[in-house]
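Trainee: One-letter residues, chain by chain:
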Amino acid sequence: MAGTGSAPETQLTSRERIKRALANGKTGRISKDAANAVMLGVFRCAAYITTLVLVAIIAYVVINGAPHISPDFIFGWPQGVNAEGGIWPTIVSTLYVTALAMLICTPIAVLAAVYLAEYAKQGRLVETIRYAADTLASVPSIVMGLFGYALFVEAMGLGLSMVSAACALALLMLPIVMRTTEEAIRAVPRYIRWGAYGLGATKWQVVSKIVLPSAFGRIATGIVLAIGRAIGETAVVLYTMGQAINLPISPLDSGRPMTVHLYLLANDGINMNAAYGTALLLMLIILAFNLFARYLSRKSR
Amino acid sequence: MNSTDTQRPETASRPKRELALVSRSTYLKERALQYLFFACAFLAVVTVVLIFAFTMLQAAPVFTDIGLANFFSLDWAPTEGRFGILSLAAGSALVTAGALVLGVPLGVGTAVYLTEIASARVRAIISPAVDLLAGIPSIIYGFFGMVIIRPFVAEISGGLGFGALTAWLVLAIMIVPTITTLTIDALRSIPMGIREAGFAMGATKWQVIYKVVLPAARFGIVDAIVLGMGRAIGETMAVLMVVGNAPVIPDSVASPISTLTSQIALDMSYSSGLHRTALFGMGVVLFIISASLVGIVRMLSKKRKG
Amino acid sequence: MSVYQNAPAPEVSAITAANFDFWYGDFHALTDVNLNIAKNKITAFIGPSGCGKSTFLRCMNRMNDLIEGTRCEGVMTLDGADIYAEGVDPVDLRRRVGMIFQQPNPFPKSIYENVAFGPRLQGVTSKSDLDDIVEESLKRANLWKEVSNQLSKDGLALSGGQQQRLCIARVLAVQPDVLLMDEPCSAIDPTSVQKVEDLMAELAPEMTIIIVTHNMQQAARISDCTAFFLQEVAGEPATLIEYGQTDALFTSPIDKRTEDYITGRFG
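So the protein sequences, as listed, match chains A, B and C. Numbered per numbering that gives the first Met the number 0, the first sequence spans residues 0 to 300. Numbered per numbering that gives the first Met the number 0, the second sequence spans residues 0 to 305. Numbered per numbering that gives the first Met the number 0, the third sequence spans residues 0 to 266.
Don't read these hints as lab results, they were simulated from the structure. Among the hints, erroneous ones may be present.
Straight-line Cα separation of at most 30 Å, DSSO-like style, residue types lysine-lysine; simulated pairs [to be verified]:
#, chain 1, residue 1, chain 2, residue 2
1, A, Lys202, B, Lys302
2, C, Lys194, A, Lys18
3, B, Lys302, C, Lys108
4, B, Lys210, C, Lys108
5, C, Lys38, A, Lys18
6, C, Lys152, B, Lys301
7, B, Lys204, C, Lys108
8, C, Lys108, A, Lys18
9, C, Lys152, B, Lys210
10, B, Lys210, C, Lys126
11, B, Lys204, A, Lys18
12, C, Lys144, B, Lys210
13, B, Lys28, A, Lys208
14, B, Lys28, A, Lys120
15, A, Lys120, B, Lys302
16, A, Lys120, C, Lys108
17, A, Lys18, C, Lys255
18, C, Lys144, B, Lys204
19, A, Lys18, C, Lys126
20, B, Lys210, A, Lys18
21, A, Lys31, C, Lys144
22, C, Lys152, B, Lys204
Kindly produce the complete structure, drawing on both the sequences and the hints.
Mentor: Quick look at the structure:
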């Protein structure tokens, strides 16, 4: 069988043996075309169900929320048991805390990514840092809230305040911005760097003058996405910012973000219209940020 | 002759001007910056350790005053000094398992449809939609679940609609975008060549999908599922709004339960003393679960690389 | 217009194309291709990059159907039957017309499973039949001696040349009538090239082989007939320039452009 002496004969038998074995093949109970058609249909259904459900959520919030959105609702103060009137202080609180979180998070995350992408040598240390970043990204938000409460609010004495909540949110945003920035930096072609090194630039000059500017579009995309995530976060801010209706001025003021407001409105069920309105505004703000991120990422390509 | 002879070694040994590429101050600045960058990167490690240590510290009395036997028992009645988290953990497990059973086929199916089957036009509509929907905050999903899914469940089960069944539906919807986007990444990383090889062998599209593409992408898909699972276990607000918050082992899927996350969110506002300690203890448990899931994913991806 | 020198007659042809045109979306890639591929012979397609030879090859097992927005006109037959006719299932067609690609593309499965893939698709389930097919196919692909004691090893763990022969064994396991080879030797080492060429010569008496190659020496060495494709003006469709017996085409080309190409004046 394994002999190579009579090559043509071996081939002939090989060929015949394969043909014979193939002929033994049974046609399945279900034809391949039927199986194909059915399964492709199943996948199509999965995709349509997903899209449909998600679109339904948006449509539902839009339809129920749109009639209640008015300048008075957006720019007014809450009245009664905080369920009537407008939601202006909550909008300000949300934007205030998100901006603060972004200011805290961005420099750290970008520099950390610079280290990982440009300076670090692959090894146990980098592995550890990545594992930590991944873990940070997956810490349940309520645990982040607990931690923020224990550290920033109590131990550091910052109280229920914008800055406490911003610190906790910054931790949440950190791994997102870190990862997108690192990917952005790695996507900058090497030869661009070589050009600068060839002119005698130091590493930091190359990074600050060449790499970061070329990666700017994609870094900005990551930051904007992280902002969208922070705006929608509830559990982290619930016990770090407080729930009092307040227009924050100083970072040590407390406030009530839109998400918490929505939660309380929905839970009390006194004024569902205000809840729908808040949900819609919240969703619009986040969608706007995400669309902006898409726009940025498309532009930077 | 003579003079050159004596000069030669002198030239060679004369200390030449150092070929300094950068000045000393620039060099120091570069080094200082490098340490700063390292400090920033290492902050991630510090934070994770800090989260664990700090939450653990707050939870210390779980070991001393509550006792592990009490902590890992079924009975959650803080006012009576019973801090058993097992019924809550069971709630978390129940809610997560159901969400995965519903969400995984839907998420993976959507991803397969988008990468392998859909025409470019359909893909151009659905993929950005899935991307954008991944950004919708959990509180909105919770709200939707509360006002739409809960009454619907109440209708068919005859109860109030708070319970595992509602949570399953809400969480399944929530984790679908996560699973879909990650599975799409996994499928896209499969080289086009092996798909072509499958088609050239006379395989139908479905045969290529389940005999070639899915096996080749299995690690990536498991990653997606594990991360979706992490999202489901850690989800707080959406669950809090629909499970009914009764820390018991439920008699049916439509009767109220409670989970680790929702119980923390619910009790944190008024708890004190040992009760609060127990909440931090639950935080530690959740942290360990999520860190282990990340560990599993990393192990898988290492295995995949070789 | 294409010119022909002793080109095979339709009666002895496995595949024929008549007035064949092909489009990628709006891009007209190929125009007016007419040729007959001799049965159980080796036919080589040569020409510079982008001359449509691979595109034409991929029309023969309708692989181009998988690319959105492609379409073709004209007639292409396999053993006298129109392969683009209504009701022809490309899946069944591809079981008769096997294909080897430029980049060796074994499935990320064991060597055994790679070869057993096709027979399994055709409903072969018996272990002994599968064992038989795997062994015989690997033997025919001259790979058996190298891998017989490591059949459970991942196909991707083999060297590039071995991977390509594994891909050939995988195709042989389903006994196609026609074997399309799209630059099968351009991504593997010279020793393996030799092995693949030997293998083609061994297979030719029982199988129609069509090979696209950039390497004119290779075409001259192994093929019985040669077709020369050329896209003369960028943006315009490419077409068949000259087709005929390999000896004739290489020693006394009729068309000036063929002569320029094989003497290395362009492309």
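Trainee: If a hint holds in the structure, say so; if it does not, say that too.
Mentor: Do the hints match the structure? See the list:
1. With a C-alpha separation of about 34 Å, the suggested pairing of Lys202(A) with Lys302(B) is violated against the 30 Å cut-off.
2. Taking the CA atoms of Lys194(C) and Lys18(A), the gap is about 24 Å. The hint holds against a cut of 30 Å.
3. Restraint check: the Cα-Cα separation between Lys302(B) and Lys108(C) comes to about 15 Å, which is no more than 30 Å; the hinted pair holds.
4. Among the hinted pairs, Lys210(B) with Lys108(C) is consistent with the structure: their alpha-carbon atoms are about 10 Å apart, no more than 30 Å.
5. Of the supplied pair hints, the one linking Lys38(C) and Lys18(A) holds, its CA atoms being roughly 19 Å apart against a limit of 30 Å.
6. The straight-line distance between the Cα atoms of Lys152(C) and Lys301(B) is roughly 19 Å, inside the 30 Å bound, and the hint therefore holds.
7. The suggested pairing of Lys204(B) with Lys108(C) holds, with an alpha-carbon distance near 19 Å, which does not exceed 30 Å.
8. Between the alpha carbons of Lys108(C) and Lys18(A) the distance comes to roughly 24 Å, so the proposed pair stays at or under 30 Å and holds.
9. With a C-alpha separation of about 18 Å, the suggested pairing of Lys152(C) with Lys210(B) holds against the 30 Å cut-off.
10. Restraint check for Lys210(B) and Lys126(C): the C-alpha separation of about 18 Å stays at or below 30 Å, so the hint holds.
11. Simply put, Lys204(B) and Lys18(A) have alpha-carbon atoms about 25 Å apart, close enough for the 30 Å limit, and the pair holds.
12. A hinted pair counts as satisfied when its Cα atoms are at most 30 Å apart, and Lys144(C) with Lys210(B) qualifies at roughly 27 Å.
13. With a CA separation close to 16 Å, the supplied pair Lys28(B) and Lys208(A) stays within the 30 Å bound.
14. Restraint check for Lys28(B) and Lys120(A): the C-alpha separation of about 20 Å stays at or below 30 Å, so the hint holds.
15. With a C-alpha separation of about 21 Å, the suggested pair Lys120(A) and Lys302(B) falls inside the 30 Å cut-off, and the hint holds.
16. Simply put, Lys120(A) and Lys108(C) have alpha-carbon atoms about 34 Å apart, too far for the 30 Å limit, and the pair is violated.
17. This hinted pair does not check out: Lys18(A) and Lys255(C) have alpha carbons roughly 46 Å apart, beyond 30 Å.
18. As the CA atoms of Lys144(C) and Lys204(B) are separated by approximately 34 Å, the hinted pair breaks the 30 Å bound.
19. At most 30 Å may separate the alpha-carbon atoms for a hinted pair to count; Lys18(A) and Lys126(C) meet this at roughly 16 Å.
20. For the suggested pair Lys210(B) and Lys18(A), the alpha carbons sit about 23 Å apart, so the restraint of at most 30 Å is met.
21. Between the alpha carbons of Lys31(A) and Lys144(C) the distance comes to roughly 35 Å, so the proposed pair goes past 30 Å and is violated.
22. For the proposed pair Lys152(C) and Lys204(B), the alpha carbon gap of about 26 Å is at most 30 Å, so the pair holds.
Going down the numbered hints, you'll see the structure goes against 1, 16, 17, 18, 21, while the others check out.
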